[in-house]
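Protein chains in written order, with my numbering: chain A, 45 to 155; chain B, 2 to 119.
I should point out that these hints are in silico values taken from the structure, not numbers from a laboratory. C-beta: ideal position from N, C-alpha, C; glycine also. Be careful, since some hints might not be right.
[To be verified] Residues on chain A that point at chain B, a partial pick, calculated with CB under 8 Å:
#	residue
1	74
2	77
3	88
4	91
5	94
6	98
7	134
8	136
9	138
10	143
11	144
12	148
13	149
[To be verified] Far from chain B by the CB rule (all over 12 Å, computed), these chain A residues:
#	residue
14	55
15	57
16	62
17	110
18	111
19	113
20	126
[What the hints assert, rightly or not] Here are the simulated SDA-like pairs of lysine to any residue, each with C-alpha atoms no more than 25 Å apart in a straight line:
#	chain 1	residue 1	chain 2	residue 2
21	B	44	A	141
22	A	151	B	94
23	A	126	B	77
24	A	151	B	42
25	B	44	A	128
26	B	44	A	148
27	B	44	A	65
28	B	44	A	54
29	B	44	A	130
30	B	66	A	69
31	A	151	B	58
32	B	58	A	45
33	B	66	A	138
34	B	66	A	45
35	B	44	A	83
36	B	58	B	8
37	A	60	A	125
38	B	77	B	20
39	B	77	B	57
40	B	66	A	62
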Amino acid sequence: NFMLTQPHSVSESPGKTVTISCTRSSGSIATNYVQWYQQRPGSVPTPVIYEDSQRPSGVPDRFSGSIDYSSNSASLTISRLKSEDEADYYCQSYDSSNLWVFGGGTKLTVL
Amino acid sequence: QVQLVESGGRVVQPGRSLRLSCAVSGFIFSNNGMHWIRQAPGKGLEWVAVIWHDGSKEYYGESVKGRFTISRDNSKNTLHLQMNSLRAEDTAVYYCAKDRGLLWFEKWGQGTLVTVSS
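Please take these sequences and the hints and turn them into a complete structure.
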């Protein structure tokens, strides 16, 4: 079994860049793709990154995803922050035993 | 466009049963796996169950295994979740979601609220 651990919250100013991490507790982060979902207050989750670094149609290129094998983690980076980016962000991966797993979520505050 | 509309959520007493439905349109339902995902009030996301495109396989999260059953009717473009022996901790918004590649959740419905309380 594995877990995905995210920071509880992050904050940054408009126009700046923020990175949210997602650390896999056991097994390699490279074993299965990582996805990221944005959930604005009162709204439905929507994917912003799939397969580690791909953006769904309509997601601005300010959003990017990456994998750091040394820290066994995935990261979501949002550049040129806007107030509309304020939301909860969840990472997600898959494992043949755990099946579909979510991180605990990170609340992004745009100051 | 792709639409998923959940229904069936309501207040139900502990130990009772409830059936949720998800009506889909805008894509070939019978070609896609489907999931249920839930979110307790003020909490994070929890994957609940998946069913293969043809209904041949089902898998469940540990917290619902043996109590919940996922099913689908490809002739009616509808997904279901039968929830038995409900507990207070099952209180959540339940989302149905369209699978992509048996890896992630491409499109989500608006959700339906299930409240388990006496």
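So, going through the hints one by one against the coordinates:
{"no.": "1", "hint": "74", "result": "violated (14 Å)"}
{"no.": "2", "hint": "77", "result": "holds (6 Å)"}
{"no.": "3", "hint": "88", "result": "holds (5 Å)"}
{"no.": "4", "hint": "91", "result": "holds (7 Å)"}
{"no.": "5", "hint": "94", "result": "holds (5 Å)"}
{"no.": "6", "hint": "98", "result": "violated (10 Å)"}
{"no.": "7", "hint": "134", "result": "holds (5 Å)"}
{"no.": "8", "hint": "136", "result": "holds (6 Å)"}
{"no.": "9", "hint": "138", "result": "holds (5 Å)"}
{"no.": "10", "hint": "143", "result": "holds (5 Å)"}
{"no.": "11", "hint": "144", "result": "holds (4 Å)"}
{"no.": "12", "hint": "148", "result": "holds (5 Å)"}
{"no.": "13", "hint": "149", "result": "holds (4 Å)"}
{"no.": "14", "hint": "55", "result": "holds (19 Å)"}
{"no.": "15", "hint": "57", "result": "holds (26 Å)"}
{"no.": "16", "hint": "62", "result": "holds (19 Å)"}
{"no.": "17", "hint": "110", "result": "holds (17 Å)"}
{"no.": "18", "hint": "111", "result": "holds (15 Å)"}
{"no.": "19", "hint": "113", "result": "holds (19 Å)"}
{"no.": "20", "hint": "126", "result": "holds (22 Å)"}
{"no.": "21", "hint": "B:44 - A:141", "result": "holds (24 Å)"}
{"no.": "22", "hint": "A:151 - B:94", "result": "holds (19 Å)"}
{"no.": "23", "hint": "A:126 - B:77", "result": "violated (42 Å)"}
{"no.": "24", "hint": "A:151 - B:42", "result": "holds (15 Å)"}
{"no.": "25", "hint": "B:44 - A:128", "result": "holds (21 Å)"}
{"no.": "26", "hint": "B:44 - A:148", "result": "holds (8 Å)"}
{"no.": "27", "hint": "B:44 - A:65", "result": "holds (19 Å)"}
{"no.": "28", "hint": "B:44 - A:54", "result": "holds (17 Å)"}
{"no.": "29", "hint": "B:44 - A:130", "result": "holds (17 Å)"}
{"no.": "30", "hint": "B:66 - A:69", "result": "holds (23 Å)"}
{"no.": "31", "hint": "A:151 - B:58", "result": "violated (35 Å)"}
{"no.": "32", "hint": "B:58 - A:45", "result": "holds (21 Å)"}
{"no.": "33", "hint": "B:66 - A:138", "result": "holds (18 Å)"}
{"no.": "34", "hint": "B:66 - A:45", "result": "holds (16 Å)"}
{"no.": "35", "hint": "B:44 - A:83", "result": "holds (12 Å)"}
{"no.": "36", "hint": "B:58 - B:8", "result": "holds (23 Å)"}
{"no.": "37", "hint": "A:60 - A:125", "result": "holds (5 Å)"}
{"no.": "38", "hint": "B:77 - B:20", "result": "holds (16 Å)"}
{"no.": "39", "hint": "B:77 - B:57", "result": "holds (17 Å)"}
{"no.": "40", "hint": "B:66 - A:62", "result": "violated (38 Å)"}
Violated hints, in rising order: 1, 6, 23, 31 and 40; the structure is consistent with all others.
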